[in-house]
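Sequence lines, in order, name chains A and B. Everything in the first sequence is counted per the UniProt record's numbering, starting at 1 for the first residue and increasing by one. Everything in the second sequence is counted per the UniProt record's numbering, starting at 1 for the first residue and increasing by one.
Keep in mind that the hints were calculated from the coordinates and are not lab data. Just to be clear, a hint being listed does not mean it is correct.
As the list claims (entries may be wrong) - Sample of chain B residues facing chain A (criterion: CB under 8 angstroms; computed from the structure):
{"id": "1", "residue": "A219"}
{"id": "2", "residue": "E221"}
{"id": "3", "residue": "G226"}
{"id": "4", "residue": "H270"}
Said to hold, decoys possible - With a cut-off of at most 20 angstroms between alpha-carbon atoms, the simulated DMTMM-like pairs for lysine to aspartate or glutamate come out as follows:
{"id": "5", "chain 1": "A", "residue 1": "K18", "chain 2": "B", "residue 2": "E256"}
{"id": "6", "chain 1": "B", "residue 1": "K229", "chain 2": "A", "residue 2": "D44"}
{"id": "7", "chain 1": "B", "residue 1": "K75", "chain 2": "B", "residue 2": "E123"}
{"id": "8", "chain 1": "B", "residue 1": "K146", "chain 2": "B", "residue 2": "D115"}
{"id": "9", "chain 1": "A", "residue 1": "K18", "chain 2": "B", "residue 2": "D228"}
{"id": "10", "chain 1": "B", "residue 1": "K229", "chain 2": "A", "residue 2": "E51"}
{"id": "11", "chain 1": "A", "residue 1": "K18", "chain 2": "B", "residue 2": "E259"}
{"id": "12", "chain 1": "A", "residue 1": "K18", "chain 2": "B", "residue 2": "D236"}
{"id": "13", "chain 1": "B", "residue 1": "K229", "chain 2": "A", "residue 2": "E42"}
What you are looking at is a predicted structure, and each value in this text was computed from that prediction instead of being measured. Heads up, the beta-carbon is just placed ideally off N, CA and C, and yes, glycines get one too.
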Amino acid sequence: MDKVIRFASDKGVVIFSKSSCCLCYTVNILFQELGVNPMVYEIDQDPDCREIERALLRMGCATAVPAVFVGGKFIGSTNEVMSLHLSGSLIPLVRPYLQQPQS
Amino acid sequence: MHHEEPWEHPTTTSNRKCQPEGTKRQEMLYPSHLVQRRQAQNREAARKSRLRKKAYVHQLEQSRLRLAQLEQEFKQARQQGLLIGGGFDPGHLDFSPPVNSGIAAFEMEYGHWVDEQNRQICELRNALNAHINDVELRVLVENGMKHYFKLFRLKAVAAKADVFYIMCGLWKTSSERFFLWIGGFRPSELLKVLVPQLQPLAEPQHLEVGNLRQSCQQAEEALSQGMDKLQKTLADSVAFDQMGDCFLPPMARAVEQLEALVSFVNQADHLRQETLLQMSRILTTRQTARGLLALGEYFHRLRALSSLWASQPREAVR
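Same shape as in the complex, but just chain A:
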């Protein structure tokens, strides 16, 4: 969906989230621990929330949020982010977008 792609493509690390979603918060915290400041898009504050949700679900997320994009590319949800991090593949992926020295 246009809005999703547009928002995701020009920023580094993007998290589609809902303000009530605590797992979205978890994913955000994880990126911050790595020294990345993700752009968070709270879809429940967007009038097109339902459409965005559907678009995200179509991308293959079991739950619409959190949906993580890095460099415009869809990475996945909490499961995928955690797996990538434990396998050591997440840090290289976000290296271009580091805001500050890693903690």
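Once you've looked at the hints, dock chain B against the given chain A.
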């Protein structure tokens, strides 16, 4: 005006109506209006009897449910070590219907899981002592890993049945519960237990294990903070439930958050599973086998600790 005829002067009736066989004798002996009155009284008595029976059955059902509830509470209290000596065994009662069948099923499966775990640990210990070849060892290692993954699957199902049960670790011994983190063991703790048992590690392995440890801790920290937020949100939902909100049933928001809690339990188990997988990737087959043995023995000793404590003689409380 109707007046009663005395019983000792039965007369045959002139206005006989069509009546069932059994009343024909009565009909011959007594006047019809008395027969009809008796029949009406009988019908009334039968109706009252049916109502009493219905009330009695209902009361029995309530008692049955209450008994099942008490049994469950007793069982949990016993598991938590709150009752020393055990008391009577609820398993000897004629019936013990589970209050939550999903949890009852999980408890049963978990019992089997522990038995199988103990068996696998013995097998692994014997295999390592006997210096079997890597190919055969690989089979044991795969079984060991799959066994842990099976537990995570069982927990996922049980979490849907009662998420608080899983969060509180009620199926575990009290000593295991002391170390509880989101419904299970802390993955970074697991690494702390394992790594010393695996020395010496090759240099690249050392590096990878170090990275894994750090990633684990970061993931745990993020999940813990998310859990804190969820806990606070849930508390707020319960405290400030909008009774006046006609669009949502009571506690609707709180119930939604319980579903989020299930997701957290699943994420924590996913983290445990990934930690085990990554370790098995970094290590050789033999090292993984030693690791699984160390882990199994650790949990076995931890479980035993509860029993040891419970069986210690205590001073009598005055």
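Now the hints, each set against the structure:
1. For A219/B, the interface hint holds, since its Cβ comes within 8 angstroms of a Cβ in chain A; the closest pair sits about 6 angstroms apart.
2. Nearest Cβ of chain A to the Cβ of E221/B: about 6 angstroms, under the 8 angstroms cut. The hint holds.
3. A least Cβ separation of about 3 angstroms between G226/B and chain A falls short of the 8 angstroms threshold, and the interface hint therefore holds.
4. For H270/B, the interface hint holds, since its Cβ comes within 8 angstroms of a Cβ in chain A; the closest pair sits about 6 angstroms apart.
5. Distance restraint check for K18/A and E256/B: the Cα-Cα separation of roughly 13 angstroms lies within the 20 angstroms cut-off, and the hinted pair is therefore satisfied.
6. With a C-alpha separation of about 18 angstroms, the suggested pair K229/B and D44/A falls inside the 20 angstroms cut-off, and the hint holds.
7. About 32 angstroms separates the Cα atoms of K75/B and E123/B, which puts this hinted pair outside 20 angstroms; it is violated.
8. A distance of roughly 15 angstroms separates the Cα atoms of K146/B and D115/B; the hinted pair therefore holds under the 20 angstroms criterion.
9. Proposed proximity of K18/A and D228/B is supported: the alpha carbons are some 17 angstroms apart, at most 20 angstroms.
10. In summary, the hint linking K229/B to E51/A is not supported, as the alpha carbons are separated by about 27 angstroms, beyond the 20 angstroms threshold.
11. Straight-line distance between C-alpha atoms of K18/A and E259/B comes to about 15 angstroms, which keeps the hinted pair within the 20 angstroms bound.
12. At roughly 18 angstroms between alpha-carbon atoms, K18/A and D236/B fall within 20 angstroms of each other, so this suggested pair holds.
13. For a cut-off of 20 angstroms, the pair hint linking K229/B to E42/A stands: about 17 angstroms separates their Cα positions.
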